[in-house]
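K.L.:
Produce the complete structure using the sequences and hints provided.
Chains as they are written, first to last, in UniProt numbering: chain G, 1 to 489; chain C, 1 to 489.
Hints may be right or wrong, so weigh each one.
Intra- or inter-copy, both count: the list cannot distinguish identical chains.
Said to hold, decoys possible - Derived lysine-lysine pairs resembling BS3-like cross-links, with alpha carbons at most 30 Å apart: (1) K423 x K123; (2) K37 x K92; (3) K433 x K237; (4) K362 x K429; (5) K123 x K297; (6) K389 x K123; (7) K423 x K297; (8) K485 x K359; (9) K65 x K55; (10) K80 x K92; (11) K429 x K123; (12) K48 x K134; (13) K433 x K123; (14) K134 x K80; (15) K98 x K134; (16) K65 x K134; (17) K382 x K65; (18) K40 x K80; (19) K362 x K80; (20) K92 x K134; (21) K382 x K230; (22) K297 x K223; (23) K430 x K485; (24) K48 x K359.
Bear in mind the hints are in silico, worked out from the structure with no lab data behind them.
There are 2 protein chains.
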Amino acid sequence: ISINIYFWYKLQRQVAKLLQLKAQLGGDEGKHVFVLKTAKGTRDYNPKQMAIREKVFNIIISCFKRHGAETIDTPVFELKETLTGKYGEDSKLIYDLKDQGGELLSLRYDLTVPFARYLAMNKITNIKRYHIAKVYRRDNPAMTRGRYREFYQCDFDIAGQYDAMIPDAECLKIVYEILNELDLGDFHIKVNDRRILDGMFAVCGVPDEKFRTICSTVDKLDKMAWEDVKKEMVNEKGLSEDVADRIGEYVSMQGGQDLAERLLQDPKLSQNKQACAGLTDMKLLFSYLELFQVTDKVVFDLSLARGLDYYTGVIYEAILSQTIPAPAEQNGADEAGVSVGSVAGGGRYDGLVGMFDPKGRKVPCVGVSIGIERIFSIMEQKAETSSEKVRTTETQVLVASAQKNLLEERLKLTSELWNAGVKAEVLYKKNPKLLSQLQHCEETGIPLVAILGEQELKDGVVKLRNVASREEVDVPRADLVDEIKKRTL
Amino acid sequence: ISINIYFWYKLQRQVAKLLQLKAQLGGDEGKHVFVLKTAKGTRDYNPKQMAIREKVFNIIISCFKRHGAETIDTPVFELKETLTGKYGEDSKLIYDLKDQGGELLSLRYDLTVPFARYLAMNKITNIKRYHIAKVYRRDNPAMTRGRYREFYQCDFDIAGQYDAMIPDAECLKIVYEILNELDLGDFHIKVNDRRILDGMFAVCGVPDEKFRTICSTVDKLDKMAWEDVKKEMVNEKGLSEDVADRIGEYVSMQGGQDLAERLLQDPKLSQNKQACAGLTDMKLLFSYLELFQVTDKVVFDLSLARGLDYYTGVIYEAILSQTIPAPAEQNGADEAGVSVGSVAGGGRYDGLVGMFDPKGRKVPCVGVSIGIERIFSIMEQKAETSSEKVRTTETQVLVASAQKNLLEERLKLTSELWNAGVKAEVLYKKNPKLLSQLQHCEETGIPLVAILGEQELKDGVVKLRNVASREEVDVPRADLVDEIKKRTL
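P.N.:
Here it is in structure tokens:
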């Protein structure tokens, strides 16, 4: 019996603890508790972030429109088979939808494959279009560096059979213009060509079947030292030291038009048809970039490889010089900040549309994709350190009163202003204090207050107050709209 | 043996047929054939549709901004449990993502629940925000009537503890302004209140536990005759004929402020606390709508019920009078066209945020959601029948030449124009014909052509041609930007 009582008390204590825990978690009614979070690797945008996003989008869209682009939109999910076989190893990062009966669907992984599907489906053989939308990758997010599972891409592509390198040059001009206008500090754009890479692999003695996998290894040169890349080539990919060293010589080369010319004289490369075609186009590309006055930021870099399978010609990538300060809590004392890395990339993909066409009809394409999240991260940090306040509304005037019982008059005036196209607010209180009305203006940056009182109503005027200067002036009610518009141009 | 030979030939014929079929399907190389389509119930937007969409969004966003709203964005998918228990029976229409390890996710079903989750998660107790984004419902699509599985919602909501009916009136004012500006013909907005409905059910003798299901049946009155609705109440939901008839009397009532006043005198309804609260608020709402001058389109309609569970007070729905002409191929000779039906709806939901708050803290909310797809359908049809051509680009000028070997000069001038902020295009051909350059302008609506030739280059001028009038004038190169801007204001 004593043991039973002992257990009884122990049980009672445990029950009490559990009840306490339940109360803490579930509130008084013991409701189910939700985990209040967004899905891993995703985030909400608050109004301040949206204001910054709008600014960035405006710059990008203006540029796309300046270059004569139309825009399209495609669904957020595609038939699973539309995405199959387009992304190589990265296919494992595709989000699939649950089979709930009906079609097998996946969230889009980029905007390029849906674009190619759209062209083939509608038999479009030439178009210049932009598409700004979210894409989805089940990657390991590094959100402090602006890497998410749901993120925006801003794509500009030119499809059609045109003379060599003219659309390609325009894509690079666009990247240059956008990064300049976004004012993100210094940047450079690396350019290479898949045909030059393939030719280089061939003359170095890489067996044909290893081109793609060696290309992936070369792609790591922006994050790894040559020694480690070489090790991977030799130990994992089975190249001989000699072959790897020959590759090493080429991929260390950087330059401009001059480098293309020099390599066209290279005794080995000049013997390779692919390499020659790529190098001749590279020369031509640089001559157009010269006309566009953008060569100061463009580097012909033989180490640029890019991951995606579908590129067939010119490839490029834009890199910001600036680093994002690493967040303090994760930051060792010595760590200098995280390189933002690539913010735009693209290239020529002449075979992708043909993959969707029943008769394999090809539509040559070249395009660029601007990665917006990293740019947002920088702009947000800029906004935080800046003294200038980001406004999240565009309200021009608050309709206010210092006296009681004027709600109806305030609503009437507000409605008049809305009808005249003025951006106006009114507090949703019967008798708000003047101070709280003025505070609302200060907090949200509303520049003007239209104040109504018995006297003003009698005189047919409105007292218009400048929030910053505190100046007040009586404006005849009939002139109010014009006066507000004049003051908030 | 004869039988074997018979079967042999039969088999051969079948094999031949199959091979033929395979060849038809798979092309010469026998590649895998993609089904070239978008997922069921979804569609691409082509450039013309995007131009219309942009126009509609601009009107809606301007209105939201005029009313002082901020904007937010949330991810396209939420944790599955965030959506659980919010949509009643419609939960079966939610798209789930495949369990690929990690969290269980679902595509958002509307923007209201993510908004409530956002408020609770960030402990926001007042905000006026809009959110325009796509939502997903595995419904049976009726795409000709503008019903899709992926569609836009344009939501405007006011969260916060305010004096009664002021924010509610503003939501109705917003619907009125937007439908007016979109110029979609006549419309009306039905208003009711969940408390009036509940009170009505109570005084008619509906048992408490049947309120919700009877509410769903009443909701069908916009598509079914009263006789059929009554049948459902009696035969399926188990009400007595008497009770149903009493409901029938109430739900046939329509009016304005006067009806609210009359019902406040109703011997039965006036005894019900809920109904009185609702009716008193309805009176107040109409007095504000009077100040906003929108009562000409607003009807207090006791048959309006609305499907969603989360409404707690005022509810409303906007209906266009216009019908969409039914597509010819599906159209019986007598069919007059399809009613567009509801294009906006909303109401007050004071309990939803509290469902996400661990302590159940409530944040009163009221909002409206504008359904854009049906509006698009109408606008698209309008655009098709209109003589005015929809432009899909904003290009101001095409840089052209009538002579050969001037590609470089064309690219140089185009670049100058881009740098000066002019929207300019150039054909991606070395030596395009002047005619094909002019045709491109005609087709895409580019109003001006800047023509370069040897003589113009020598004289330091550009020949500026008006595409419509065919007038040409020599403009000094230094003045070109100003001249283009002046002519394309």
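K.L.:
Compare the structure with each hint and give your call.
P.N.:
To see whether the hints hold, each was checked on the structure:
no.	hint	verdict
1	K423 x K123	between (45 Å within a copy, 27 Å between copies)
2	K37 x K92	both (25 Å within a copy, 23 Å between copies)
3	K433 x K237	neither (75 Å within a copy, 52 Å between copies)
4	K362 x K429	between (64 Å within a copy, 19 Å between copies)
5	K123 x K297	neither (37 Å within a copy, 46 Å between copies)
6	K389 x K123	between (49 Å within a copy, 22 Å between copies)
7	K423 x K297	between (43 Å within a copy, 23 Å between copies)
8	K485 x K359	neither (59 Å within a copy, 46 Å between copies)
9	K65 x K55	both (15 Å within a copy, 15 Å between copies)
10	K80 x K92	both (12 Å within a copy, 22 Å between copies)
11	K429 x K123	between (58 Å within a copy, 22 Å between copies)
12	K48 x K134	both (19 Å within a copy, 21 Å between copies)
13	K433 x K123	between (64 Å within a copy, 25 Å between copies)
14	K134 x K80	both (17 Å within a copy, 20 Å between copies)
15	K98 x K134	both (20 Å within a copy, 19 Å between copies)
16	K65 x K134	both (20 Å within a copy, 24 Å between copies)
17	K382 x K65	both (27 Å within a copy, 25 Å between copies)
18	K40 x K80	both (22 Å within a copy, 13 Å between copies)
19	K362 x K80	within (22 Å within a copy, 42 Å between copies)
20	K92 x K134	both (18 Å within a copy, 26 Å between copies)
21	K382 x K230	neither (39 Å within a copy, 63 Å between copies)
22	K297 x K223	within (21 Å within a copy, 64 Å between copies)
23	K430 x K485	within (27 Å within a copy, 50 Å between copies)
24	K48 x K359	between (50 Å within a copy, 28 Å between copies)
Of the numbered hints given earlier, the model fails hints 3, 5, 8 and 21; all others are met.
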